[in-house]
Structure formats: structure tokens, C-alpha cells
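2 protein chains.
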Amino acid sequence: MYKQLKTTVSKNGNIQKLSRIFQPFNVIPMESQTKQKEKEIHSKSSKLMLELGIIKQSSPGCFNLLPLGIRALEKLTRIADEEMQSIGGQKVEFPTLINEKLWTLSGRVNEVKELFKLKDRHAHSYILGPTHEEIACELLSQSQHSYKDFPLILYQITNKFRDELKPRLGLIRSKQFCMKDMYSFDIDYEKAMETYSIVSDSYENFFNILGIEFHKVKGAAGVMGGSLSHEYHFSAEIGEDTLVRCSHCNHFTNVELVEENICPICKEKNQLIKSKGIEVGHTFFLGDRYSKPFNANFINKTGKNINLQMCCFGLGLTRILAASIETLSTDQEIRWPKPIAPYSVLIIPPKAGSKEEPIANSLLERLYHSLDNIQHVKKDILVDDRTDLTIGRRNIQGKKMGYPFIIVLGNRIKEDPVLFELHDVNGGIQVDLAFEDLLTYINEAYNK
Amino acid sequence: MYKQLKTTVSKNGNIQKLSRIFQPFNVIPMESQTKQKEKEIHSKSSKLMLELGIIKQSSPGCFNLLPLGIRALEKLTRIADEEMQSIGGQKVEFPTLINEKLWTLSGRVNEVKELFKLKDRHAHSYILGPTHEEIACELLSQSQHSYKDFPLILYQITNKFRDELKPRLGLIRSKQFCMKDMYSFDIDYEKAMETYSIVSDSYENFFNILGIEFHKVKGAAGVMGGSLSHEYHFSAEIGEDTLVRCSHCNHFTNVELVEENICPICKEKNQLIKSKGIEVGHTFFLGDRYSKPFNANFINKTGKNINLQMCCFGLGLTRILAASIETLSTDQEIRWPKPIAPYSVLIIPPKAGSKEEPIANSLLERLYHSLDNIQHVKKDILVDDRTDLTIGRRNIQGKKMGYPFIIVLGNRIKEDPVLFELHDVNGGIQVDLAFEDLLTYINEAYNK
Numbered sequence: 001m002y003k004q005l006k007t008t009v010s011k012n013g014n015i016q017k018l019s020r021i022f023q024p025f026n027v028i029p030m031e032s033q034t035k036q037k038e039k040e041i042h043s044k045s046s047k048l049m050l051e052l053g054i055i056k057q058s059s060p061g062c063f064n065l066l067p068l069g070i071r072a073l074e075k076l077t078r079i080a081d082e083e084m085q086s087i088g089g090q091k092v093e094f095p096t097l098i099n100e101k102l103w104t105l106s107g108r109v110n111e112v113k114e115l116f117k118l119k120d121r122h123a124h125s126y127i128l129g130p131t132h133e134e135i136a137c138e139l140l141s142q143s144q145h146s147y148k149d150f151p152l153i154l155y156q157i158t159n160k161f162r163d164e165l166k167p168r169l170g171l172i173r174s175k176q177f178c179m180k181d182m183y184s185f186d187i188d189y190e191k192a193m194e195t196y197s198i199v200s201d202s203y204e205n206f207f208n209i210l211g212i213e214f215h216k217v218k219g220a221a222g223v224m225g226g227s228l229s230h231e232y233h234f235s236a237e238i239g240e241d242t243l244v245r246c247s248h249c250n251h252f253t254n255v256e257l258v259e260e261n262i263c264p265i266c267k268e269k270n271q272l273i274k275s276k277g278i279e280v281g282h283t284f285f286l287g288d289r290y291s292k293p294f295n296a297n298f299i300n301k302t303g304k305n306i307n308l309q310m311c312c313f314g315l316g317l318t319r320i321l322a323a324s325i326e327t328l329s330t331d332q333e334i335r336w337p338k339p340i341a342p343y344s345v346l347i348i349p350p351k352a353g354s355k356e357e358p359i360a361n362s363l364l365e366r367l368y369h370s371l372d373n374i375q376h377v378k379k380d381i382l383v384d385d386r387t388d389l390t391i392g393r394r395n396i397q398g399k400k401m402g403y404p405f406i407i408v409l410g411n412r413i414k415e416d417p418v419l420f421e422l423h424d425v426n427g428g429i430q431v432d433l434a435f436e437d438l439l440t441y442i443n444e445a446y447n448k
Numbered sequence: 001m002y003k004q005l006k007t008t009v010s011k012n013g014n015i016q017k018l019s020r021i022f023q024p025f026n027v028i029p030m031e032s033q034t035k036q037k038e039k040e041i042h043s044k045s046s047k048l049m050l051e052l053g054i055i056k057q058s059s060p061g062c063f064n065l066l067p068l069g070i071r072a073l074e075k076l077t078r079i080a081d082e083e084m085q086s087i088g089g090q091k092v093e094f095p096t097l098i099n100e101k102l103w104t105l106s107g108r109v110n111e112v113k114e115l116f117k118l119k120d121r122h123a124h125s126y127i128l129g130p131t132h133e134e135i136a137c138e139l140l141s142q143s144q145h146s147y148k149d150f151p152l153i154l155y156q157i158t159n160k161f162r163d164e165l166k167p168r169l170g171l172i173r174s175k176q177f178c179m180k181d182m183y184s185f186d187i188d189y190e191k192a193m194e195t196y197s198i199v200s201d202s203y204e205n206f207f208n209i210l211g212i213e214f215h216k217v218k219g220a221a222g223v224m225g226g227s228l229s230h231e232y233h234f235s236a237e238i239g240e241d242t243l244v245r246c247s248h249c250n251h252f253t254n255v256e257l258v259e260e261n262i263c264p265i266c267k268e269k270n271q272l273i274k275s276k277g278i279e280v281g282h283t284f285f286l287g288d289r290y291s292k293p294f295n296a297n298f299i300n301k302t303g304k305n306i307n308l309q310m311c312c313f314g315l316g317l318t319r320i321l322a323a324s325i326e327t328l329s330t331d332q333e334i335r336w337p338k339p340i341a342p343y344s345v346l347i348i349p350p351k352a353g354s355k356e357e358p359i360a361n362s363l364l365e366r367l368y369h370s371l372d373n374i375q376h377v378k379k380d381i382l383v384d385d386r387t388d389l390t391i392g393r394r395n396i397q398g399k400k401m402g403y404p405f406i407i408v409l410g411n412r413i414k415e416d417p418v419l420f421e422l423h424d425v426n427g428g429i430q431v432d433l434a435f436e437d438l439l440t441y442i443n444e445a446y447n448k
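If you're matching them up, the sequences are chains P and R in order. Residue numbers for the first sequence follow our numbering, so the first one is 1 and each next one is one higher. Residue numbers for the second sequence follow our numbering, so the first one is 1 and each next one is one higher.
What the hints contain is simulated information worked out from the structure, not anything from laboratory work. Mixed in with the good hints there might be a few duds.
[Said to hold, decoys possible] Derived lysine-lysine pairs resembling DSBU-like cross-links, with alpha carbons at most 30 angstroms apart:
1. R:Lys399 with P:Lys119
2. P:Lys378 with P:Lys400
3. P:Lys379 with R:Lys191
4. P:Lys301 with P:Lys269
Make a model of the complete structure from these sequences and hints.
What follows is the structure in C-alpha cells.
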């Protein structure tokens, strides 16, 4: 009977079968959950992602991203690409191996403790790029630019490296991580502030698309230099940053910017409640902090050579992936932001040998191809073809994985009209729907 | 008059304007072309790519990929993704930082001279991954697998690192390069050979899509180990590999496999002509060379634990990008494989103040949006909005950049019916076409 499903599937070469996905399960032993050290290393999201074969550790702080993890990360990358390009961001790729001299010139080489350093066979020194202000300025300095060429916004989405003292919480604090880093160049402070504000809006868009509540707070510039910065946080108990929420005006602030328990926004006293946040994005106005030592200049209207005004903008994409799961999941079941779930829809056909099986194949095929014609659902449908398992067991696993929609071909497919069992997993809704209603439901969820 | 174009453009937020692209020109001084050292470092492709702002060197062997370069590389990546996924390849990402112990276990740590090595702050040793057989096997060894789980084909598209003695020829021999590397696992030799053959076919597909003549030759396995390998070469004078072509049977062979001037395919003697090739792909049957030391095993039908049979398959994507340009270009003008040119179509509107300008705007808009409705051309159209330059000058630059199709709104747009000047750059054809004929021409070029 398992063969029947296989036949159906092979007729439609591109039906994606769960049984073929490399997803090694790896139950983290219960007793380890009580050890203090394990508690520090793990979080809800890292445990779920490791357990369910989304990531796998290679060495502390270094992970293999497995097929379901890569699917999610690539979706997140596409959203970031679209947002950055919609405001004129131009994608580039800076080298990972950065000539150490550039960081000596900026003065950061001894300032940043987390630098990975190495030498090549000719004894030239490099660092593995954790951020690329120096490289971006060096690039700009290599050619002449007119004031007409700005604003210029360059960004990349690449792996960055930090020699963390204590890598922890899976992708939330890892040695290698995927970051969207963007560098803007403008001809004066006002123009730079315009760009800063445009990018800030695009960051809000980006987080709104994910649908996760975020808190934007003024930040301390730290090793980046510059005079203005903002941080974007997701709320989570495991967060390393402390935020305070003012129960009077409801605004969040970085605890470092609070003096004498006074809310810096509404000036009320003693209304501040501490909470924890995971920093998922950071924006900085840098002025000429880097453009000056590197001579990243432009020629102004009167022919003068002037330092560019620079901002930089980061989104930690692998961290956002993990922090989203941390924020949305239960202890036992993953929940994804709908736009980045590895698959949008999981279809569960009946168990082999069941009464429903004989009529299920043609229904499955019709359903798959109708769904595959829906925008944003296309190529994003997975069939749990392990028909030796009961529907119930596969449904439990599907919910644990958090596919946003699970469609079960259960016993009501024998009715007239046929009814499908739809689980709207993020919404916590279960409903039996006829074919057209089912398609409408899914379509509206993705194309409102 | 320049403003008029701007207005048109802003009505259509997504019209892509050449003037906004970060493409710093950088003429390589003529005298340097004669220096022997420069000759060794540069090639036709590296000179053109540097000169035309497609890449820019950061340090020897390390490059910034600029916006036009990234567009081409992302197209190439998508083609590789589609081909690998069509044969069941599952995309993953292995860490760049590889625990050195894994390479000690495989015995390769002292064998490969080009390893970048580094230590973290706890004095743990890592290498920067040039290839990931060890990591893939270690990953497999961490979970149990049934014979039913195979074939398993995992691949990644990531940056790799080699501490080259003499980085040269731009992206052809660089310290950091983007590679598609794939690892297959099978339960026995026969199944592994089946997978090897399926992947080999997909490699031929991949190169056929690019449309570049390639030579597949038997290879020497080298440091990879294993008993069978094939290399894929593009012909180019600057190639580092020597191939021989038999003028009797026309087959190519690696010179290392030729004895006594006898063609190993047709056995004819003294018919061999030497030529140079750039290796752009390599496939290996590895057997249990890595699965054995790492215990990458499966449970067979009788419950026995057996070493997996492994193959690995590489495509050097940044090298293919450069080698394609090397193969197709003239000394003065880039030519791209059509599917990976940074933009498919360049539109050149009339010079500001010309007689044609008043009627050009509405034509441009109509043309842009009609082209933008053609599959595989959508979002791939660039307008050279620098209308302070003559059509002739922009046309020369467009050809130098090698956009496959250049459409000039020249003096025949005043005729009835309107005629557009189409330059089919790869085909070396220039023809004046009416609107519908023009669309048909472009559509057929991309959707045959």
C-alpha cells in the first residue's frame, strides 16, 4: 500500500516527501536539562532545533545548518534582500579574510576581544571579519566619487566570525553567524540622518513581516564608535540584555541609559519594570569615524575633497532565526514566523491499509497541485509519506515541527462533499473544510 | 530634460537605473600589462572584471564582489541550486571553522599545504574549510541510519579558503572562493556508481545551461583519496592544467594519464595535441576513505553496521564566473553566458535635448514594462539613464560590459511604425525592429 503513494508521487516528480529529508532526530537526555552548565548552554530554541534536526553542533559555537534550517534561513535572507533593495541597498560581498592592517588603521585591532586572527604562509596577518566598516571605507577610498553619487548603500549577507568566550544558546551566540550588514555613505550629517531614518523604517518593516513584537531602544555605541545608535530586541527570558519598560508610558529603554529610576521618555519615576531582550538588530550613525582614517571621500560642488558621513546597520539573521523560535515556541513544540517556516503546509495522507487510503491518492494529488498554484505556497508543500505511521503520530510530529498548516486526509474524506481536517498551527485552530474553502483559507493566510 | 526621465522613473519605482549602480571604473595602466609579474597575476577576465567594477581586490587573493558581480554569482548559484535539487540534493551549510582534530583523524591535516589554520582564545585549533568530507562524515556518524535512508545527497554553496602560494588571475585562483560542494552516501559500490552517474549528468546539464564548451576528462584523485575521478575543464590559454586532444578521435585526456603519446581512448599514437584548461568542476568516488575513520555507517537489512560508500562533487562557482568570461570575452569587451549576465537587457534612451527625446519617455516606459512581463527577463532590465552622454558612448560602454541585449531608442523611433535598434551582443547582430518583433526576439532568446 505504501507503494501506491510512491506511484502517485513519482508521477509528479516535484512532490516533496518528508521521508527523504535529512532530519536526524537527537533527543537531548532529560537529566542534562537539570545540570546548571547545560542550562547555560541551552535554551528552548537551541534544544528544539537540535532535537528536531534543524541544526547540529560541530564544535562549541559552530553548527551544521541542516536542510530544514537552511530553508528557513534562505527565506529570511530573501526577506532581508527585498527590504534592503527596496530602499536602494546594493548587494555586495566583502572578503571574510581582512588584512589586519586595516583594523590597525582604524584602531580597533586591540579593542575587540573577540577577533579571530590568523596568518597566511607569507606571514601576512588577517582577521576573520566580524563586521566590515574598514573594508567598506577602503573600497570607497579606491575610487573618486562625486556628490551626485550619494546616498550609496552597500550591504552583504555573509557569515561573520567572533571568538566568543562562551558560545551559548545555539545560533543565538555562536562563533560563526550569518549577518546582514549594511554601510551607508552620505555627503553630510542631514543626508546621513535621512538615510538612517529610511533604513530604520525598513527594519521595522522587516520585523513586521516576521510578525514578532520587537522593541527599539536607544543603544550605547560601544566599539563601533559614533554618536547615535538604536538596538532592536525580541523579548525573551534568556536574553542577555536588560531592558526596562515604563509602566506609565509603556516605552522600553536600555537599562544602561536609565538614571535614578526615571523613565527617560516620560520622565516618570519608579515605574520601571526590568525585562530581558535578545538583540537582533543594531543601527549606528558613525559620522567620519571610519571615513576619515581611510580617506573615504567625495568631491563636493566646489571641487573640495570631503569625508563621507557613514552609518552602519546590522541584522543577525541566524540569531533572528533562533530568537524567533525562542519567542514563539512552547517548550515542546516549535512555532515559526509564518514567512520563514521551512515548509508552509504539511499534508498527511491516511495510514497504509486504512479505509480512507483507496480514495486518498487522487485527492492528495489534486490538493497538492492546487496548493502549488497558490502564490507564496508554491514549492513549499511537504507530504508526510510515512504511511506506515498512524495519522495521529504524524500529526503530533508535524505540530512539534510547527509547520504553519497541517492538512490531514482523515476519515471525513469519505463524506460527500469531502472534508479535510485543517490545523492552523500558529492560530491554534482546527477545522474541517471542503476543498474550495480549504484553498481559500490557505490563500488568504499567505496573500492577504 | 534629464528631469523628465527622472519623473518617468519615479512613477515606476522599480525601474533600475545604471547611474545608481556602484561600479567604480579602474583602468589598469597600459604599461603594467607589459610587466612580467603583472602578466602572471592578471588574465583577460581579471583585467576586465577589475576595470569595469565587477570585482575589486582587497588584498592578494581576496576580493570585494561588487553589485554586478554579485548579481551574476547569485544567478549562477540559483542554476546550481536548481540542478542539484532536481536530482535530490539537499542544501545544508557546514561550518567554515572546522575542528582541526577532524582533519587529524582523516590524516589530511599535514597533507594539504594550502590550509589556513587558527586557534581560538581557548587554544583550540581550527582550519578554515577548503572542503568538507570530514565534517559531512562526522555529521552522519552522529545518528543512526537505515539502508532505507539512502541515497543521501547533501550539498552546500559557501565560501571556501585556501592559503595559495601565488594567488593569481582574479577569481580563478583566489584565497577565498565560492564553491558548490556535494557529498553523496550510498549503501554499496553499485549504488554509489549510480549516484555518481546521475550527478555527472547533472554537471553536464549545468554546463550546457551556461552554454560553454567543456571537456570532461578522467582525473587523478590527488589529496582527496578514492579510486575514480573526473575533471571538467573550460579551454583557455591561461589554464593551469594541460589537456591533450587526440586529433584522431577528438577526445580530451588529462596529460598525466597519457603514456608514450598513445591516446588512451582510441589507442592511436602520435595524434595528440596539447591544450590548456581551467578546471571548473571535479567529481570523486571516495568509497570508505572517509566514512571508515569517522564511522559514518548504516544498518543493513540483516542489522549489521556497514560503512557508507561516499562520493564528492565540486563546482567552483566564482571560478566558473571568471572562467566563463575568460572563455567568451574579447580583450576589450566582456561576454557573459546569457543566463548569468548581471542584467539581460540594457535600454539606452536618447540624449537629453535631442529631437527624439520628447517621444522617448512614453516609449521607454511601455518597453520597460512589456519586457518586465517576459519570464526570465523580469527584474533584469537596466536603463542607462545617463542622458547627458551620447547614445554612441553609452552603447560602447554597454557592449564593453556585455549586456546580452542592448535596445537603443535611436532616430528611427520617430518613424511610423516606431523602430528600435536592437543589439544582440552575444550573437553579434544589430537589427531595427518594431515593438512586437522586438518583444518576440527577446522572449524567444530567453524562453525557447
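For the pair we were handed, P:Lys378 and P:Lys400, check the Cα-Cα distance against 30 angstroms. Judged against 30 angstroms, a Cα distance of about 23 angstroms means the pair holds.
When you check the alpha-carbon spacing of P:Lys379 and R:Lys191, does it fall within 30 angstroms? With Cα atoms ~28 angstroms apart, P:Lys379 and R:Lys191 stay inside 30 angstroms; holds.
For the pair supplied as a hint, P:Lys301 and P:Lys269, is the alpha-carbon distance within the 30 angstroms limit? violated (50 angstroms)
Tell me if the straight-line CA distance from R:Lys399 to P:Lys119 falls inside 30 angstroms. This hinted pair is violated, its Cα atoms lying about 41 angstroms apart.
Hints 1, 4 from the list above are not met by this structure, while the remaining hints are.
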